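Asker: Using the sequences and the hints given, assemble the complete structure.
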Amino acid sequence: MKTLNLGESDPRFISEVEQRSGQKISRCYQCGACTGRCPNTFAYDLPVNRVMRLIQLGRREEVLSCSAIWLCAACQACAVQCPNEIDVTRVMETCRQMSAEAGLVSERAIQVFVKSFLGSVKRNGRAFEPGLMAGYMFRTGRFFTDVDLAPVMLAKRKLAFKPHKAGNGEVADIFRRYEEEGPVSCNLESDHA
Amino acid sequence: MRIGVFVCHCGSNIAATVDPAAVAMAADSMPEVAYATDLMYACAEPGQKAIVEAIGEYRLTGVVVASCSPRMHEPTFRKTVERAGLNPYLFEMANIREHVSWIGKDKEANTRKATDLVRMAVEKLRRDAPLHSRRFPVTKRVLVIGGGIAGIQAALDCAEGGLDVVLVEKEATIGGKMAKLDKTFPTVDCSSCILGPKMVDVAQHPRITLHALSEVEELSGFVGNFKAKIRKKAPYVDWNLCTGCGACLAKCPSKKATDRFNEETGLTTAITIPFPQAIPKKAHINPEFCRHFMTGKCGVCAKICPAKAIRFEQEDEIVVEEVGAVIAATGYDLADWSGYDYLGGGRFPDVITGLQYERLLSASGPTGGHVVRPSDGREPKTVVFIQCVASRDPSKGRPSCSGFCCMYTAKQAVLTRDHCPDSKVHVFYMDVRAPGKMYDEFIRRAVDEYGVDYIRGRVSQIFRKGERYVVRGADTLAGAQVEVEADLVVLAVGAQAAHGAEKLAERLHISYDDQGFFMEGHPKLRPMETNTAGVFLAGACQGPKDIPSSVAQGSGAAAKALCLFAKGVLENDPQIANVRPGRCVACGKCVKTCPFGALNIVEARGRRTAEVVETVCKGCGICTATCPQGAIQLQHSTDNQILAEVNALCRF
Amino acid sequence: MNNTEIMKNVLERASVLLAWGPGHDALHASPLFARKAHDVDKVVMDVRAVQSLAAYLPPLFQSEKEGRIAVLARPCHVRSITALLQEELIPVERLILVVLPCQGKLDMAKVMAACPAAESLDAAFVDGDNLVINADGRQWLLRLETMLSPACVRCPMPELPDAMIPEGCECVRLDGQARRPGEGGYAALDAFMEKTPQERWEFWKQEMSRCIRCYACRNACPMCVCRDHCVASARDPHWLSELDSVTDKLLFQVIHATHLAGRCTGCGECTRACPMGIPVGLLKMQMNKIVEELFGYKAGMDSKATPPLLTFEAIEKNIREKGK
Amino acid sequence: MPKTYAYYPGCSSMGTSAEYDRSTRAVCRACGIDLEDVHDWTCCGSTPAHVTDFGLSGALAARNLVQAKSAGRSEVLTPCPSCLKNMKAAQHHAHDPVWGPRIERLLGRKVPEDMRCASVLEILFRETGAEGVRALVKKPLTGLKVACYYGCLLTRPTALMEFDEPENPQSMETLLAATGATVLDFPLKVECCGASLAVVRRDMVQQLSGRLLDTACELGADVLSVACPLCQMNLDLRQKQAACRRQTKAAVPIMYVTQLLGLAFGLDEADLGLGGLIVDPRPVLAGIGARSEEAADAPAGGQDDAKAVNSGRAE
Amino acid sequence: MPILERRIIGFLCNWCSYGGADAAGVSRFTQPTDLRVVRLPCTGRMNPIFVVKALLAGADGVLVSGCHPKDCHYSEGNYYARRRLEVIKRFLPVLGIEPLRFEYTWVSAAEAKRWQEVVTAFTEQIHALPPVPRLPDDTGIERLLRELENSPLPICGCHAGHE
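Top to bottom, those sequences are chains W, E, S, F and L. Mind the numbering: the first sequence is residues 3 to 195 in our numbering, read in order. Mind the numbering: the second sequence is residues 269 to 920 in our numbering, read in order. Mind the numbering: the third sequence is residues 324 to 647 in our numbering, read in order. Mind the numbering: the fourth sequence is residues 721 to 1035 in our numbering, read in order. Mind the numbering: the fifth sequence is residues 89 to 251 in our numbering, read in order.
There's no promise every hint is true.
Cross-link-like lysine-lysine pairs, in silico, DSSO-like; alpha carbons within 27 Å at most [said to hold, decoys possible]:
no., chain 1, residue 1, chain 2, residue 2
1, W, K26, E, K373
2, E, K500, L, K158
3, E, K664, W, K26
4, S, K388, E, K664
5, E, K733, F, K960
6, L, K158, E, K495
7, L, K158, E, K524
8, W, K167, F, K830
9, E, K733, F, K723
10, E, K373, L, K201
11, E, K860, L, K158
12, E, K860, S, K388
13, E, K860, S, K621
14, S, K612, E, K860
15, L, K201, E, K771
16, E, K501, L, K201
17, L, K158, E, K792
18, F, K830, W, K124
19, E, K771, S, K640
20, L, K201, S, K645
Which residues of chain E face chain S? A partial, calculated answer using Cβ under 8 Å [to be verified]:
no., residue
21, R270
22, R346
23, R851
24, V853
25, C855
26, G856
27, T861
28, P896
29, Q897
30, G898
31, A899
32, Q903
33, D907
34, N908
35, L911
Take a look, some chain E residues computed to stay more than 12 Å from chain S by CB distance [said to hold, decoys possible]:
no., residue
36, A518
37, S643
38, P791
39, V859
40, I869
No wet-lab data here; the hints were simulated from the structure. Note that the coordinates shown come from a computational prediction; the quantities given were computed from them, not determined experimentally. Idealized CB from N, CA, C, for every residue including glycine.
Answerer: The following block contains the structure:
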């Protein structure tokens, strides 16, 4: 295991996570309730409490490049469980956003799926399931994803053939403004006490 | 008036963020200030000496000390100025530590603030009058509320010290929580073997009057002269006749009564004696379950009783006891954990509290000391202990550490291995807190000799799997989620003040914190006192405590009561209300609002006027705020003094 | 029996009848201590009888230790008397209330404004709906309705309801026709509160700078029972300085209003008495409104009630709890 | 005068969860709950937007609140807990110092704060309740053993959803018990099924849903009642995929709570979209009448059944 | 350097809030420096007129704090205070005084954190308002005379520049 140099702690990272998530990270006392309750821990490279600890230590790189933040299903179990009332799910989501912005994504497939989904919403105003699946398969090269399900879905009329358009371009406007604005900025001058 | 101002550095406590010399210099030019200086430690011997000398040298007639909170050292400095020949009430304090130096870092602003506070103190002092205490006799009797180990110790020590003691216990027997314990840590000696003799001592001591099944309903009066109204609940048995033979218990047909002594791990009869060593060993009827009370048709106990002691028609009795001091020793109860849904919140029969587990371990308990599952009576193969339930949990409004759970969990884990040598025992903990004598060694023994498995992490879920329970949590040291199938789960539920503690506190006029624990006079220096003179605290009613600490505090509270009575007479606090008859129009508004009945309208020299009963007045000042003419003034906190303080701040 | 006979009859049982008699001119009435039957003939009880006689009662009872005292009172004055009974400052068994049906009271400021010559009048009398003033060799006919004090116009209780006769108090009613009841409420205050806070502050700054610290407002107030012991003129406690400062003048008005919280019956005597025409009654009106809102209480309605600031509820219905 | 709710169907109603949409409308009609579709509704952004940027997510969800408000509605009802959470989160984030201003900029207007949002389960529980359901039951589901599964988002996060107990919710049980069904104590009722990762991490999802299905089987559940389109799709459509990770192989029908209520109300099966389910519920439903008699004799509750299943299984 | 503080007077009961303020100090809970505390035995001692007196005398804010209801050292003092202080708070607007200049609250001796929060929030509230309006004589010669009346010595200048 790598030795962590405590002098390399990045206080701006802690502050950014705190501001974007609205959570006070120092309140975590490492009881592990989040890890105990998390349904996806078995698939994580870092258990949730370690993610929290690494944020406390200001380890930007280790946190933003871990897979746990991408495999989190945002099921909120940890947030409900935390005895210190930290919304851990929000912290995980925040790290995922920051990971994408920093280009440290470890689970590319998930990011691609997210992009496909949002692309579909941007184009149509609503999510169009077959279209986004097609886009996802195309971009990841995972051509056999769930094709086993297609026949049964078609038989049960669970796949629409045409996207529904809605929103009269308002949704596209939201995306346009989002792209123009770029990642959200925090006031990192104020030191976190 | 010639005023001396002494500004304390308190080492660097004040001087680090306030400039005491600048404050003293500013004070030098305040009205009637004849001398102003700064001192390193005003409260220490050299500081006090400097004050005494300055009083003589500069012929000072009043003193201001700017230092810590008056709640800390006002009595100290009053004595100092008294030593120098001044009336102790010609003294004021400016709190420039707790209210200034410790809460702000801006030295300039702090110095300005400290100067303002000194100016206020000077202005107040200029309007102080010398006050003199009155002496009054005391009733040398002590009321001890609560018959747990702390109350027992306090009662015995007071009685041994020559005081008459009235011991009031809510339950039908004394002994409290300790009587429910099987063994005690870290010695693993039998709880009832060491408690039992003390309980017998209480019963036999000629100076102790015991009221069991009783509660204090009202406390009136003041230190030295309290009157306590005590409700003795009807046991429906004439305790003068009852011999505790237990014949009625054997024959009572209602066998499904709640067994409070056994923490509801079993059932008992409607007429019952809590446990074989109960003091007093007298039967009482629980009317909620008694067939006679429910249907009117029964009376087996009355027929069978050889002493003819059953009294279905008995009613509660009110007795009034006159005492000079009160020791509250009402102990604790486990916190309500029904909100812990993820632990079942009480839905699972085999997820029980530590106190319930004690009853299962105890040879006098419902299972005769056999560790079995409440659901099916089978011996558990795997027992999981969970610490910090309703402790250290801000999300449930329970942020504090209950202190003794780490140790009793270790003890129970060890006993489990003793009782069921084939069992596997896991303990989920967050931190092990074992700072007492031989405590940490005991934890080590649990791990090394008894093979108890300690897992560092919180449990986040318990769910049923068939007849067993899946306990899921984290092992943060392994960095993993862990799961174990358990037969029995024991929760170390945190402590809160005993049920009804808040209500009692209101009756005793003492404060309590958000967990219901009674507030001590000072967190470090007055742990046995309250802010109400003559009311002392012992044991877990003041905060969670283990047995040795409870015993120590019980003895300490007894010592406080003995000190109080050592003088024979007491002096009152002269900071009480005073009527200027010339200004009073006898409108009676003060009489209406006084909470203590300390005011009367009397006829004096042909005029009606209000009058203060000096020993009854407690100096709250409600009357002063009520009187439109300002005819009644709270001495040492007069309208003019408060106005002067306001004016001192709003000069320009 | 006509009203005079009724009053003479009352005087047979009482050592004195406190009433109104002729004043310094025909427009004014002054307090009259009627002790003999023939004194009763001088009683004035029309719109000119404006002053509340309640204020005289506590000292009168104190100086006259024997016998009963009767007092002539309008219904609004009865509320003040009830409030005094609440504070046990007058003995109910020695009191006889003589209540007249109220036709309203003149607002002298309005009269003076309508007829400045009334300063030195020759004669004044009520004739039907009009007030007739002879002065300067001319005659003025003023419509009574327009000359009454605003409180009277809005007064909801020109006739005393039986329920408001203080418990255990003898009450004699006089004959006569009362005005029709007004709608009550706090119209003058509500109008004032329409102003911005800055305007209100400026208003008091201006008004109080005209105050001459004569304390007529206090002396007229039936509930100012402190009499010679008022804090305004005390050095211990020294709430107010002796300086001619607006702060002290305004603070006195606040003290007055605060001391009256839950006790003021809204009789309006303070404003009436002010020689500078400062509407000091507004402050008490605000206090009454607050007390009514918070505690559902109006002073002087029930001689057995406890004023709300001299008691409490463990849980206050209308106060939002702070903290925790 | 019944209140009219703005109805937000959510994107999955157009495809994978059409039968949830249909049964919701049918049951609400039966209960006298008036629904009016949000005009020109758009995607709430779902989890992808939420994990990308709270501002984007907030703006996408809030657009629908704006639409509902401009139609004069004060409360939005949606069958999908994920959509519901996004709408509530948008309102919550509107007060956040970092995200509030951003949402407003992206949306181009203020987030309506006074709109209330609720799931169909919450509205049925609040407005109709057990009493109301009991009054409407025409064909009691007597003897049908139902395990109620809420999934993660219906009750969590507690401060946002403000509905039922987060760890042991009872609303679905209360409603279904009123239909005469036997409600089992399903211990994993708020565990995650992993649906949001269904496409990209099939392995994880199989493990999560496998455990849920196994536990339901062990309890002897005839059907699993759900209230979330993602859970339903995941457990129903992918039940075959999950089979490889399961200890038992029994198929469990996954039905929407609205479908079960609709059946009990005697609504037309076509209106409830029963045909859309992959694991066919009809065999277990057919047994309802027959089983009702034996159930009447046996002591109620799933406990005994659970024991029976357990004892038959090798430890 | 101009002094940016406002003049805030706190009236604290000795048993609860003064203790809470002490506990906040012991815990080193940093607070704004504007507040000056007058110690009362009980909020029941608090004559509501002190509030107006202080505001008219030039205090920018007045904060009263006592024991929580039911927890009064004298059983009933805070109950009386609650009524009287609520009345005076509602009375301020008729004078044209901003009612936010006055708050009353309950802080126990154990609530050090809460005391810090109360002081910080109230100080911020006062800073959000302009300085308290003054009546003409308060800055005038009478005021100075009054000061001189009490002080035979030159007036300390350390508070000058407050305005």
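Asker: None of the hints should be skipped; say for each whether it holds.
Answerer: Status of each hint after checking the structure:
Between K26(W) and K373(E), the direct Cα distance comes to roughly 24 Å. Compliance with the 27 Å bound is thereby established for this hinted pair. In summary, the hint linking K500(E) to K158(L) is supported, as the alpha carbons are separated by about 25 Å, within the 27 Å threshold. Restraint check: the Cα-Cα separation between K664(E) and K26(W) comes to about 18 Å, which is no more than 27 Å; the hinted pair holds. As the CA atoms of K388(S) and K664(E) are separated by approximately 68 Å, the hinted pair breaks the 27 Å bound.
Between K733(E) and K960(F), the direct Cα distance comes to roughly 24 Å. Compliance with the 27 Å bound is thereby established for this hinted pair. A threshold of 27 Å between alpha carbons decides the hint, and for K158(L) with K495(E) the separation of about 21 Å falls inside it, so the pair holds. Proposed proximity of K158(L) and K524(E) is contradicted: the alpha carbons are some 39 Å apart, above 27 Å. Taking the CA atoms of K167(W) and K830(F), the gap is near 24 Å; set against the 27 Å cutoff, the hint holds.
Between K733(E) and K723(F), the direct Cα distance comes to roughly 44 Å. Violation of the 27 Å bound is thereby established for this hinted pair. The hinted pair formed by K373(E) and K201(L) meets the criterion: a straight-line CA distance of about 18 Å does not exceed 27 Å. Taking the CA atoms of K860(E) and K158(L), the gap is near 19 Å; set against the 27 Å cutoff, the hint holds. Restraint check for K860(E) and K388(S): satisfied, since their Cα atoms lie roughly 25 Å apart, inside the 27 Å limit.
As the CA atoms of K860(E) and K621(S) are separated by approximately 19 Å, the hinted pair is consistent with the 27 Å bound. With a CA separation close to 24 Å, the supplied pair K612(S) and K860(E) stays within the 27 Å bound. At most 27 Å may separate the alpha-carbon atoms for a hinted pair to count; K201(L) and K771(E) meet this at roughly 25 Å. Restraint check for K501(E) and K201(L): not satisfied, since their Cα atoms lie roughly 42 Å apart, outside the 27 Å limit.
Among the hinted pairs, K158(L) with K792(E) is consistent with the structure: their alpha-carbon atoms are about 25 Å apart, no more than 27 Å. With a C-alpha separation of about 21 Å, the suggested pair K830(F) and K124(W) falls inside the 27 Å cut-off, and the hint holds. Simply put, K771(E) and K640(S) have alpha-carbon atoms about 22 Å apart, close enough for the 27 Å limit, and the pair holds. Of the pairs offered as hints, the one joining K201(L) and K645(S) holds, with about 16 Å between alpha carbons and a cut-off of 27 Å not exceeded.
With 8 Å as the threshold, the beta carbon of R270(E) stays out of range of chain S, its nearest partner Cβ sitting at about 22 Å, so the hint is violated. Restraint check, R346(E) versus chain S: the minimum CB separation of about 25 Å is more than 8 Å; hint violated. Annotation: R851(E) was flagged as interfacial toward chain S, and the flag holds, the nearest CB pair being 4 Å apart, inside 8 Å. Among the interface hints, the one on V853(E) holds; its C-beta lies about 6 Å from the nearest C-beta in chain S, closer than the 8 Å criterion.
Of the supplied interface hints, the one on C855(E) holds, with its beta-carbon coming within about 5 Å of a beta-carbon of chain S, less than 8 Å. For G856(E), the suggested interface contact is upheld, since its CB lies about 6 Å from the closest CB of chain S, less than 8 Å. The criterion of a C-beta within 8 Å of any C-beta in chain S is met by T861(E), whose closest approach is roughly 6 Å, and the hint holds. The beta carbon of P896(E) comes within 4 Å of a beta carbon in chain S, closer than 8 Å, and the hint placing it at the interface holds.
With its C-beta approaching chain S no nearer than about 4 Å, Q897(E) sits inside the 8 Å limit, and its interface hint holds. Look at G898(E): its Cβ gets to within about 4 Å of chain S, closer than 8 Å, so that hint holds up. The interface hint given for A899(E) holds, since its Cβ lies 6 Å from the closest Cβ of chain S, which is under the 8 Å cut-off. For Q903(E), the interface hint is violated, the least distance from its beta-carbon to any beta-carbon of chain S being 12 Å, above 8 Å.
Hint on D907(E) holds. Least Cβ distance to chain S is approximately 3 Å, under the 8 Å limit. Taking 8 Å as the C-beta contact cut-off toward chain S, the hint placing N908(E) at the interface holds, the least distance being around 5 Å. Taking 8 Å as the C-beta contact cut-off toward chain S, the hint placing L911(E) at the interface holds, the least distance being around 6 Å. Listed as a non-interface residue, A518(E) keeps its Cβ farther than 12 Å from every Cβ of chain S; the least gap is roughly 48 Å.
Chain S leaves S643(E) outside its interface by the beta-carbon criterion, the shortest separation being 40 Å against a cut-off of 12 Å. Non-interface status of P791(E) relative to chain S is upheld: no Cβ of that chain comes within 12 Å, the nearest being about 21 Å off. Here V859(E) does not stay apart from chain S, with its beta-carbon only about 10 Å from theirs, under the 12 Å limit. Annotated as non-interface, I869(E) brings its C-beta within 12 Å of a C-beta of chain S; the closest such distance is 9 Å.
Violation of the numbered hints given earlier is confined to hints 4, 7, 9, 16, 21, 22, 32, 39 and 40; the remaining hints are satisfied by the structure.
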